[in-house]
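Protein chains: 2
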Amino acid sequence: MSEGIRPARGEDWARIHPFWAAIVADGESYTYPEGLTSDAARALWMEPPPWRVVVLEEEGRILGSAKMGPNRPGRGDHVATASFMVAAAARGRGVGRRLGEDMIAWARASGYRAIQFNAVVATNEGAVRLWTGLGFRIVGTVPEAFRSRRHGLVGLHLMHLPLA
Amino acid sequence: MSEGIRPARGEDWARIHPFWAAIVADGESYTYPEGLTSDAARALWMEPPPWRVVVLEEEGRILGSAKMGPNRPGRGDHVATASFMVAAAARGRGVGRRLGEDMIAWARASGYRAIQFNAVVATNEGAVRLWTGLGFRIVGTVPEAFRSRRHGLVGLHLMHLPLA
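Going down the list, the protein sequences come from chains U and W. Anchor point for the first sequence: position 123 equals 123 in our numbering, and the numbering is continuous, going up by one each time. Anchor point for the second sequence: position 22 equals 22 in our numbering, and the numbering is continuous, going up by one each time.
For the record, the hints were derived by calculation from the structure and aren't laboratory data.
Rough simulated footprint, nothing fancy, chain U against chain W, three-plus residues with beta-carbon under 8 angstroms:
hint, stretch
1, 26–40
2, 64–77
3, 113–119
4, 150–162
From the derived model, a few chain U residues whose C-beta atoms are all more than 12 angstroms from chain W:
hint, residue
5, 8
6, 9
7, 10
8, 13
9, 102
10, 104
This structure is a prediction, so every number in the text was calculated from the model and none was measured. Ideal placement from N, C-alpha and C gives every residue a C-beta, glycine not left out.
Construct the complete structure from the given sequences, taking the supplied hints into account.
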């Protein structure tokens, strides 16, 4: 049995999709379209190389997933980006932090000069605290760029971590 | 003969592609991959709705093109974004400004609440001056996020204009 963080396999999607869809439907952290079919969502998350997709598995359960790759093509492909999804049942156990630390290590080992998160919802305090704690700074906040289900129009932070 | 700014037609691409490719190859303003085939570049620029693609035509020549649409899907689709390409031979004649003003009017009429440009190269002084002059402000600058051919690693501005 594989434990810990490992590359996602095609057959993992059936166990990623339930929490992925629940997080999108919750409407507090991602701008993915709502109501996607499982196949459409898979195409957005399980991207082929140069993207890397991982899961964190413990005791046979997938607790979270992350995807990571170049933030831009061409003359911007020296900056990495990533997205993270943690199952609601696994919150508060450091899953996001472990996936984040793994992503930073991967980006550094892959030769990226920096990591950029383009759209961290300002009211997503757990995420802001996590990334700030790992050394990211808020480069700027786009006002009212996210329609939060509970909070209405809120800002999106652009967060940045130099690696070089 | 059609003059001024109008929606791009499929057959326009053959006249857009030469300056589009020259601007990308120049390496000072866009992170599109270099060396794309014409078909691959067309797929990135001539996107279907909800994207809108326009050209500015004068005296039978296409002087510039712009594409515009939602900056993000889902809960971010109330913010528009756009990209602009002006043929080198037509610089300094206000083509970018006319395309920019048209884009702002379109975004306003379409009900977008704001416009966001995600990656304005900090050394692209003409672009920074143009957008600042049209009311955009720099929300933040991602350091060293663009590999300029002439200047090396330079910043990318995130620029924002509220419409609501």
